[in-house]
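Got two chains here, separate frames each, mind docking them using the hints?
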Amino acid sequence: MLNRDLHIRYFKRCLEMLPAAMQSLDATRMMLVQLSLVGLAALGAIDEALTSNDRHGIIEWIYAQQVPANADNSNAKYRGFRGSSMFGPHDQIEYMPANCGNLAATYSALSALVLLGDSLERVDKKAIIGVMRELQQESGCFSPHPHTTERDPRFIYCACAVSEILGDWSGVDKQAAVAYIQSCMCYDGGLTQVPFQESHGGHVYCCVASLALMGRLDAIPTDRVLRWALYRQNDGYNGRVNKDPDACYAFWVGAAVEMLGGHELIDSDGTFGFLMTCQSKFGGVGKTPGDYPDPLHSALGLVGYSFCRPEQLQVMSPALLLPLPLMEARGIGASL
Amino acid sequence: MVQVAESEDVTCLPMSQQDEWKDVVPLAQEETASPVCPIAYAEDYKEMMDYLRALMAKGEISQRALKLTSLVIEENPGHYTVWVYRKKLVRELQVNMEDELSWVADLSAMQPKNYQLWHHREAVVEMLLDPASIQGMSQDDRVAIPVLRRELGFLAESLDEESKNFHAWAYRQWLVRTYGLWDQELAFVAVKIDEDIRNNSAWNQRYFSLVAGGSSLSADVVERELAYTLEKIKLAPNNESPWSFIVGLLLRHAPEKLYESLLPQIKALAADEEYLTAISGTPFYWATLVDIYEQQAKDVPEKQKEAIELASSACDVLATECDLPRQKYWQFRQTQL
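If you read the protein sequences in the order shown, they are chains A and B. With our numbering applied, the first sequence corresponds to residues 636 to 971, in that order. With our numbering applied, the second sequence corresponds to residues 479 to 815, in that order.
Chain B with its partners taken away, still in its complex shape (with noise of 0.2 Å):
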C-alpha cells in the first residue's frame, strides 16, 4: 500500500476516501464472460469512471459531476455521450462561459485530432452570442464583439501552432458562416500563404472566403487570383497547392480563362529564363496543360484537333519523364483525349 503523506492534496486521494463522494455508490463497468478489447485501465481513472456512471446514471446537475466530466474527458474525450452531460450540466449550472472556452482551448491542445470538442466549443459560443442578435452589424462591429474577437485569436493562436490543424480550419469556416465574418478572411488567408506557400488548408480557405457562401466571383476577382496565384507559383513552381487552386477556381467560374488567359501566361513562365527549368520540370505544370487543353478542345471547336495534340503531348512529357510513379496514370489518360 500506497501511504498518503498528510500534506498532500486531497484531491490525490482516491475518490472513494473524498469527503465530497462518500454519498455515491460507484457504478462499476459491466462485462461479459470475456470481454473483447478489454483496456488495462489505469486505477484513478477505472475509479473517475465508476464514479462518472453512477452520476450520468441518474443525470445528476452539480458542480462536482461538472468537475468530474472535465476530468474524464481530458482521458476520454472520445467519450460521445460525456459530451452531452456536460453541456446540459453547462446550461443548467449556468456556468461561466469564458471559463468553459479556456477549458476547451487547454483541451485541443492536448487532443488535436478530437472532433468532439470543437462541436462543443460550437454550441458555447451559440449560448454566448445569438447569431441572430448580430444581424444588420456592420463587419467592424461584428469583430470588436469580445466572443468573436476571442475567438478569432483563439484560432490565430491554434493555426499558428499547427498550420494545417483540419479540426481548426472547420471550426474557424463555422466561425465565418455562422456570423459573417467574410470581409477580414482574405486578409489573415494571405498571411498564412505567406508563412507556408505549401499549406493546403490556407489555399482553401482562401476560396471559401472568395466564394463566402454564395457560387460566383466577379471577373475581376477571378483577374485578380490569377495574378496572385501566378506569383505565389513564381516562388515555388513545383507546389500543388496553387496550381489546383487556380485550375479548380477557373473550371468553376471562368472556364474560357483557361485557355485565354491562364495558358498564355503559364507558358510565358515557362519560355522566361528565370523560370524554365523549374517551370518545365513540375508535374503540375504539364498536367495543368492537359487540363488547359482538354477544356479548349470541349468549347472550341476548330481548335478541338490542335488541342487534343498538345494535351497528348503534354501526357507524354509526363509519362515519360516528369511524372514517372504515374505513367500508367497518364498513359492512360491519353487515350481518353
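Same shape as in the complex, but just chain A (with noise of 0.2 Å):
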C-alpha cells in the first residue's frame, strides 16, 4: 500500500531540512523545492500540508532567487532565477558571471511558484525570454546558461515548459528545436542527448515532452520511440538497454509511453510492484528497493505510479509535472 501521511511528512521534512550529504546538489535547491512541492501535488496534498504562512514563505524565496536587472541592464543574459541563495547576495556580486541565472532553475521555479498558486506577477518574462533567446544554439538546441558548452534536450524542455508556463513561445524558435530533437533519433528507436549517444530515458522523456508541448509529436516515428520505451519496462523501467530499473524511470519512461498513447499497453502491475518495493518505511522513494529516498526518486517516483493507479493519487500531465486540475484552472498546456 501508498503509505500517504509518510510521503507527505517526507516531502514536508525536505522543504524544511535537507542532511548535509545533499551539499553536493546545494546549486540545484530550486529543483529540491520543485520536487518536493510535485511530490506533495501527486498526493494531493499541498493544501493539507502547508499553510498559507508557509506557501508565502516558499514564494517569497524563490522570488529572492529572480536575478535582477543591475544598473545599467548589462547582465541581461544573466537573469531568469538561479538555482539556489548559495550563489551570494545579488547587488555585491561585480563579476557578472558568478550571479547567473540558469534555465533549469527557471523552469522550477515557475513551475513551484504554479504549485503554490502563485499570480507570476512578479516574474519578469521579458527578461526570461529575452535570455531563452541568447541560449538557443544554431543546432536549436538550448544551454542552461551563457558560459557553457553543455546542451542537451534537458534544456529545450526547460525552454518549451518555461515558454507553455508563461504563455508565450516568442523565445524559442521551435522548427530549430524540433530539427535538434529530430538529430537525436538513435538507430534503436530512442532518442539521446546529442546525436549518435546512447539512446537514454532521461532524454527521451525530454524530447517527448518537448515535441508534446510544441505540438509537434509527428516530428518523430513515434511507433518505434514507443516501442523502445515499452521495451525498457521489465517490473520497473530502467533508462537503458540492459541496464537495472531504478525508480525514476517510471516517470522519464513511462511519461513518455503515455505521451504516445500507450497508457493501455503498460504492464501497470509490474510498475506498481516495483515502487512499492523502493517506497523507503520512512516516507519517500528511493532508486532501487532498499536505497534511502530522495526527493528526486520520491517524487518521480510518486508521478510514475500516477500513471499505474491514478484513482490513488492526482492525476499529474505527463508533459509539465502538474496536475491537471491545476493546470485547467490557469489556462496551461491547453493544446495538450
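Hints listed in this document are in silico derivations from the structure and should not be mistaken for laboratory results. Remember, it's a predicted structure, so these values are computed and weren't measured experimentally. It cannot be assumed that every hint is accurate.
Straight-line C-alpha distance at most 27 Å; calculated DSSO-like pairs for lysine-lysine [what the hints assert, rightly or not]: (1) LYS878/A - LYS806/B; (2) LYS745/B - LYS712/B; (3) LYS878/A - LYS500/B; (4) LYS566/B - LYS500/B; (5) LYS878/A - LYS591/B; (6) LYS712/A - LYS647/A; (7) LYS565/B - LYS536/B; (8) LYS712/A - LYS710/B; (9) LYS878/A - LYS566/B; (10) LYS712/A - LYS712/B; (11) LYS647/A - LYS524/B.
Next up, the structure:
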C-alpha cells in the first residue's frame, strides 16, 4: 500500500531541512523545492501539508532567486532564476557570470510558483524570454546558461515548459528545436542528448515532452519510440538497454509512454510492484529497493505511480509535471 | 572547542585562522526569513563557500582562488558558476593543463554522474590542442600526439572502471569527432563488446564509428555487420543490443536486406538444433520477425498478404508465450499490421 501520510511527512521534511550529504546539490535547491512540491501535489496534499504562511515563505524564497537587472542592464543574459541562494547577495557581486540564472532553475521556479498558486505577476517575463533567445544555439538546442558548452534536450524541455507556463513562445525557435530533436533519434528507436549517443530514458522524456508541448509529436516515428520505451519495462523501468530498473524511470519513460498514447499497453502491475519495493519505511522513494529516499526519486516515483494507479493519486500531466485540474484552472497546456 | 595540535598541517585550520586568507572578508549566504530546502551544511563547507563568494564577487584571479575552486567543486560539482570562474582562472593564470586534466580525472572518479566536469575537460583539451592545427595529419600521427594519446588512455581506464558510463562515452564521441580519430575506434569498440556482450553503450558506439559523422554505409560494411552481429547473437540470443543494432542499422541503410539477408539467416539459426531453443525462446527473435515482415509487406506488394500473416503470427507468439509483460502491446501491434 502507498503510505500517503508518511510520504507527505517526507516531502515536508525535505522543504524544512536537508542533510549535509546533499551539499553536492546545493546549486540546484530550486529543483529540490520543485520536486518536493510535485510530490505533495501528486498526493493532492499541498494545501493540507502547507499553511498559507508556509506557502508565502516558499514563494518569497523563490522570488529572492530571481536575478534582478543591474544599473546599466549589462547582466541581461544572466537573468531568470538561479538555482540557489548559495551564489550570494545579488547586489554584492561585480563579476557578473558568478551570479547567473539557469534555464533549469527558471523552469523549476515557475513550476513551483504555479503549484503554490502564485500569480506569476512578479516574474520578469521579458527578461526570461530574452535569455532564452540567447541560449538557443544554431543547432536548435539550448544551453542552461551563457558560459557553458553543455547543451542537450534537457534544456530544450526547460525552454518549452517555461514558454508554456508563461504563455509566450516568442523565446523559442520551434522549427530549429524540432530539427535538433529529430537529429537525436537513435537507430534503436530511442532518443539521446547529442546525435549518435546512446538512447537514454531521461532524454527520451525531454524530447517527447518538448515535442508534445510544441504540438509536434508528428516529427518523430512515434511507433518506434513507443516500442523502445515499452521495452524498458521489466516490472520497473530502466533508462537504457540492458541496465537495471530505477524508480525515476517510472516517470521519465512512463511519462513518455503516456504522451505517445501507450497508457493501455503498460504492465501497470509491474510498475506498481516495483515502486512499492522502492518505498522507504520512513516515507519517500529510493532509486532501487533498499536505497535511501531522495526528493527526485520520491517525487518522480510517485508521479510514475500515478500513471498506473490514477485512482489513488492526483492526475498529473506527463508533459508538465503539474496536476491537470490546476493546469486547466490556470489555462496552461490547453493545446496538450 | 576543539584544540588544534601544533604539529597539524596549517590547512586543517579554519580558513579564518590562516594567514593566506586574512585579507579576505568572507561573504555570507543571504537567506530569506524562511529558507526552503535549506541544507545542514558542514562547517568547513560553509566556510569555504563564504570565502569563495567573496573572491567570485570580485572575480579575483589568483592561485589561492584556483585552489579554492578545487575544494568547492570536489564538494559541490553542480555549482555551475564556479566552473565558469575556474575556466577563467585556468586561462588567465596559464595553469599547467596536464595538472588540470589530472585533477578533472580524479574528480570524475569521485563524481561519475556530474555533467559539468566533462565539459570542462573538453575545454581544457581544446586549449591544449586546436583541432584545426592537425588537419591533414594522418590517423597514426594523430593518435601519437601526447594529448590525444593521453585522452584515449584516460577514457580506456574510465570505461574499464565503469563500462556503461554515459558521460565517458559521450566524451569519447566528442574526442573522436573533434580530432578525427575514426580509424582506431572500431577496434576499441570490438574489445568492449567482447568484454561484455550486453554493453549497449559499446553497441551504440559501434554504430557511431561505422557512420563516422556521415550518413551512409557501403554494401560491404552492411554485409560485414550482419555477419558480425549474427555471431554475437549466437553467443547470447536473449540480448536486446545486437538485435536492435542490426534491425536499426538495416532500417536506415539497407531496408531490403532485412528480408533478403537477415531473415533467412535468423530462420536458419532458429532451425539449427544447437540454437533452436534459445532463439525461439527469446522475444527479440520474434519481435525482429515482426519488424522484418512489416518492412517486406511495405516494399514487396506481391508478398504483402503473406508477410502480414507471418508478422501477425509472430505477434501471437509474443503475446501468448514469449513476451507476456508486453502482451497488450503485441495485441495492439497486431491490429496495426
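Here is how each hint holds up against the structure:
no.: 1; hint: LYS878/A - LYS806/B; verdict: 23 Å, holds
no.: 2; hint: LYS745/B - LYS712/B; verdict: 12 Å, holds
no.: 3; hint: LYS878/A - LYS500/B; verdict: 51 Å, violated
no.: 4; hint: LYS566/B - LYS500/B; verdict: 24 Å, holds
no.: 5; hint: LYS878/A - LYS591/B; verdict: 15 Å, holds
no.: 6; hint: LYS712/A - LYS647/A; verdict: 34 Å, violated
no.: 7; hint: LYS565/B - LYS536/B; verdict: 16 Å, holds
no.: 8; hint: LYS712/A - LYS710/B; verdict: 51 Å, violated
no.: 9; hint: LYS878/A - LYS566/B; verdict: 38 Å, violated
no.: 10; hint: LYS712/A - LYS712/B; verdict: 55 Å, violated
no.: 11; hint: LYS647/A - LYS524/B; verdict: 24 Å, holds
In summary, the numbered hints that this structure violates are 3, 6, 8, 9, 10.
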